[in-house]
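Protein chains in written order, with my numbering: chain A, 6 to 369; chain B, 1424 to 1791.
None of these hints come from the bench; they were simulated from the model.
Remember, predicted model here, so these are calculated numbers, not experimental data.
All C-beta atoms in this analysis are idealised placements derived from N, C-alpha and C, irrespective of residue type, glycine included.
One or more of the hints may lead you astray.
To be verified - Covered stretches of chain A, going by a simulated chain B footprint (3 or more residues, C-beta under 8 Å):
{"#": "1", "stretch": "71-78"}
{"#": "2", "stretch": "169-183"}
{"#": "3", "stretch": "239-252"}
As the list claims (entries may be wrong) - If you only want the chain B side, here are some residues facing chain A, beta carbon under 10 Å, derived:
{"#": "4", "residue": "Asn-1482"}
{"#": "5", "residue": "Glu-1485"}
{"#": "6", "residue": "Pro-1614"}
{"#": "7", "residue": "Trp-1644"}
{"#": "8", "residue": "Gly-1645"}
{"#": "9", "residue": "Gly-1652"}
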Amino acid sequence: MKTRTRWLLVIMAVVLGFLAVRCGGAEEPAAEEEKFKVAFVYVGPVGDLGWSYAHDQGRQALDALPYVETAISEIVPEGADSERVIRDYAEQGYDMIFATSFGYMDSVLAVAEDYPDVLFEHATGYKTADNVAIYDGRGYEGWYLAGIVAGRMTESNILGYVAPYPIPEVVRNLNAFTLGARSVNPDIEVHPVWIFDWFNPPSEREAAQALLDVGADVIARESDSPEPDKLAEENGVYAIGYNAIAPDVAPNAVLTAPIWDWGVYYKQTVEAAYKGEWETHAYWGHIADGVLDLAPFGDMVPQDVQDEVNAAKAQIISGELHPFAGPINDASGQERVAAGEVMTDEAMLGFDWLVEGVVGTIPQ
Amino acid sequence: MRIIFEKRQSISRRAMVLVPVVSFLVSLLLGAILLLISGANPFETYAAMARGTFGSTYNFSETLVKAIPLMLTGLGVSIAFRMRFWNIGAEGQLTLGGVAAAWVALYWAGRVPAFLLLPLAILAGMVAGALWAGVPAFLKAYLGVDETLTTLMLNYVAILFAAHLYYGPWRDPQGYGFPGTAQFDPSVWLPRLVGTRAHLGLIFAIVLALALWFVLNRTRWGFELKIIGENQVAARYLGIGIARNIVLALLLSGALSGLAGACEVTGISRRLQQGLSIGYGYTAIIVAWMAQLNPIAVLFVAILMGALLVGGDQVQMTMGLPASMGLVLQGMILFPMLAGSLFTEYRLRIVRPEKTDPLASETVEAAS
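Only chain B is shown next, with the shape it has when bound in the complex (with noise of 0.2 Å):
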């Protein structure tokens, strides 16, 4: 007796429902194992988990604040990986993002009139994250490098860039030695929504997705990137520039991912210092799959891994386990969702040879 997957004709609409909430269900059940386990009632620990996430104003502002970064780091890889282009370096343009931004409000100040300094704190973000994921889009583009090694080397190179200057030169002097700048003058603290935390990139995210989503599925330049992505012969015979679009799709990835960093800076640390590179433009690969590559689906599904992360802190605060369980906790829950999406697309048949064909079992194992 063997198992294999067989790749499914045509998706059901049955599987296409089930499949997610069974995972969900699989999910939030390994996960109670593992609580009972370790002595904490799984019910409680998930009502925690919710309230903490979703539970009052405050807590789902706090979900928020996780999932902005989340929300333009993803719209930013999707557009990326709709053209194939697999940019895992939204880490490092967040970053840069965020030291550009944290340049102008440290060192613009007073030169430029104080409503400018924002806007403009905000372009340098984007700006930089766009020449950031241009360097390995330009490389690949007209020199054929591999763009999966470039983008990740290039987070490093980021994220050691942003220390220096916060360890070095750029550190607070009346910081008693501890690294991280001064804080930014108010004037370029990006507005909040009121009493909360979360900030105006929300906003950005929202406005930016929506217009993505009309770009990538309403215009002949998104129809261009679709092509590129699904088929390169084809484009090239339909006339399609390859070399200049993914330039112009990358300078566009790496945009978002700056203005993450740059909101990040401006409207959460107000000052640049460690906590800036801590994983999303990694956990916006993830968002950006689970999502579909759509731009709508990425605002929701950051939300749900934003309220993951939060939620994670609620597991020792409120239920008193250590802090690892919190983490131990999203990967149980992340992973049968992830794992699921295959059942989706494929099917699990048991095969027993007594009863087949032996030639037909030779072209199946074949085909597996």
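Next comes chain A alone, as it looks inside the complex (with noise of 0.2 Å):
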């Protein structure tokens, strides 16, 4: 009884010292008033060297605005979790909030609905409202390359693919990444294994290391950490990194990577904002606007190898190629998109079927 008693003591008087505080720190002004405030949310840490990182060099881009000050928030859950990150900035009085993981969307809404004069901007999600925009890269722009240099390098003729989950955009990936490398060989399967989550080194490890299983000589990954990159190497086999140039972490697996550039659109979004021209938007960049690109080819790759793929490169950013022009075909071979049709973002944001080729299927 005493020790209880001892206890509620004690912790009541934390409490009340930590509310001791709160009467004499509360309300301080804002130290600078004049600055832009921008804050990031990201759901890896920045050394990921993947998505978040690559989200992370882009947030660095702004130092180049001199009105910008940033502050960031790494590993936060997806989830209700982030809800409280999300209105904390906002309460803070931050001006703009990026949110850079699909899973932020209802919380992102949420806070958005409570904070009309904060702007806010969701990577990857497709709601917007009057102070929420959208944006994204097309990634399948850069994946479709990566597919013809896969394509052009392995022996087996079977790809590994690490997918995180199973939406729209890693479907999307997946199928450009199968029907890039099938445009030079099209003997080529395409094994993807799922591993729900978009940063777990061991469970990217093992999705990995299944793929070796089943005779995968390129391992591609478009989850966030470099491990499945790690095992290629020690397996003397090939990978296709994402995100970030990693160079030193597996010099002799990493054929090229699918990389972003998202200062190139962070510094004309937060510059728009500043200047009070921001209007909500659904930004969905191509290579040729400079937010994604190819990473610089491993040694490995023949010169031959390369050139054809700067050459469909080129073609893509002319609007020549486009990865998602028929004739398309699904898993079951049935035609999807028929000759001389493209398909339209609509399509391609609602993508829920597998491209011929691929050796799998949508989980559920």
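Join these two chains into a complex; the hints should help.
If you want it as structure tokens, here you go:
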């Protein structure tokens, strides 16, 4: 009984102590009223060398704008917890908040409704509001080119793909990769393994191991860590990286990687917001815009393959080549896009079927 | 020279107050060293943490959002712990409570009057949690199966079952394939306290804590539970039905955790998705012990723990430190607080062999 009373007293004292701090420190005026305050919320650690890393590189590009001040929160779980972090930034008086993962959508919209004067940008989502814009890059353009490289380099004609979630974005990139590979080598099969996570080094590695076991000699991954690249290096096979260049991780394995340059977009949208010219939008950037590109080729990629890929890239930039131009069959062999047709943005945004050459299914 | 721990004959009033205060100061000091190493000003960091958790109505409400599930699960496990039934399955009971509430919210809409939907969802959550705790309780009470393992293992079953549902059959058809059910109809949203995310669960927790305190300390049943926990032989001698009481107490324990899950799902996420099982049920064990199994104290400890969880965010938001720093700091603060409680019941004594009678030293060694 006594010990219980003791703890009770102490805990109450501590709580009261905190409350005292509250009264003392509340409502302090913002130190630098002039700066345009921009916050970034990341799903992974900024050191993941992946998606979050790429966005943080983009944030650092904002240093070029003298009037901007940035803050970040990393490893913010998708779902209910993210609302607190996003709301906290709005509450602290941030002018603009970038939420860089798909699963933040509900949270962004809920907070945006309560803070009509704060501007929100949500990467990869599909819902907008007056103060919520969405932005993404057409990663499939890069994945199509990476597919050409993989298609030229494979000997087993089996490519592996570590796939995070069965959402349209991932399905689209997987399909583009497959179409790119089969454009130069129609015998190729692409095996996806779904890991249901963006950043999870152990399960990414396990998935890559499973792909090696079915005979894949090029491992691509859309997940965020370079673990599959490392495993490929250890096993003397090739890898396709993603998101950012990490030259030291697996120099003998990584052929190339679709990479992001979000700074291009961040600078332009933050500048517009600062000048009061910002309007809600749904941005979907091309290679031509500079938000994405293909990483420099590894030394093992022969010059003729490099030339072939660069030629395809030039065609994508000019608009001559579209990765999802018909004829395209689905995995069951049924024609989905007729010859002479090109998939609309709307169809691509809701991609829910796999192209011919992918061995596997979209879970449920 | 050796250092031994000696059980205190009586717990002095001085130790009672001094030990926790010193533990807390040691916590802050250890954290400060860590912060200095990583180049941050400890005072600023602690101030930011305090402001971020108690600094405004909004911040305090977010601390409560974290504290509510800890209060309910903390109350749940304390009942079980009072009987020395090691229920470490609060996480699974919470998860299943959330699943049951989601089931009602998603699939009973339209079949029952709208005003009944929310009470039914909450009730379903409590029943599911109760049954999930009831299984190991029954196995323990009637077959003597060790509850530590069964309650722990059932956590994984519940968590994976929930994942199966929101990745699979319950996935939102409009969700573009992303895991998670559709959002519930607003009639199943647990009311929130004006302008915040803190919800009605807070009132449930307070009322239940008071009721539980009364039941445990002022009723015959509470007395029976206490006897069973302290001395099973005596309980049997007094004619107390041990097996029946274990099952009853665990049903109550599980129902509280199930309620926590139902409140999370209907009050916060308003859908079943990832992020429901994020360790509340395990943190509840720390909450229950720090509160010395006292229901009223559980409320305060849960707030403190909620503050620690929310305060961790501030470390990166305002101080620009990496996210892992927040987690390390949480551990640093918690560890001395828990370790400190040892010193209220034990005294540290330094034994110098040359000054002690060898025989006495021998006995001390045996005793320690």
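The stretch 239-252 of chain A covered by chain B? Criterion: 3 or more residues, Cβ-Cβ distance below 8 Å.
-> Three-residue rule not met by the stretch 239-252 of chain A, so violated; n is 0.
Does Glu-1485 of chain B pass the interface hint, meaning its C-beta sits closer than 10 Å to a C-beta of chain A?
-> holds, 5 Å
Counting residues of the stretch 169-183 of chain A whose CB is closer than 8 Å to a CB in chain B, do you get three or more?
-> It holds: at least three residues are needed, and the stretch 169-183 of chain A offers 5 whose Cβ sits within less than 8 Å of chain B.
Interface restraint verdict for Trp-1644 of chain B against chain A (beta-carbon cut-off 10 Å) | For Trp-1644 of chain B, the interface hint is violated, since the closest Cβ of chain A sits about 19 Å away, which is over 10 Å.
Evaluation of the interface hint that places Asn-1482 of chain B against chain A, nearest CB under 10 Å = holds, 8 Å
Given Pro-1614 of chain B as an interface hint, is the shortest Cβ-Cβ distance to chain A below 10 Å?
-> Violated, about 16 Å.
Do the numbers back the hint for Gly-1652 of chain B, that is, is its least Cβ distance to chain A under 10 Å?
-> Because about 14 Å separates Gly-1652 of chain B from the closest Cβ in chain A, which is outside the 10 Å limit, the hint is violated.
Three or more residues of the stretch 71-78 of chain A near chain B by CB distance under 8 Å?
-> holds (count 3)
Would the stated hint for Gly-1645 of chain B survive a check requiring a Cβ distance to chain A of less than 10 Å?
-> violated, 14 Å
Of the numbered hints stated above, those contradicted by the structure are hints 3, 6, 7, 8 and 9, listed in ascending order.
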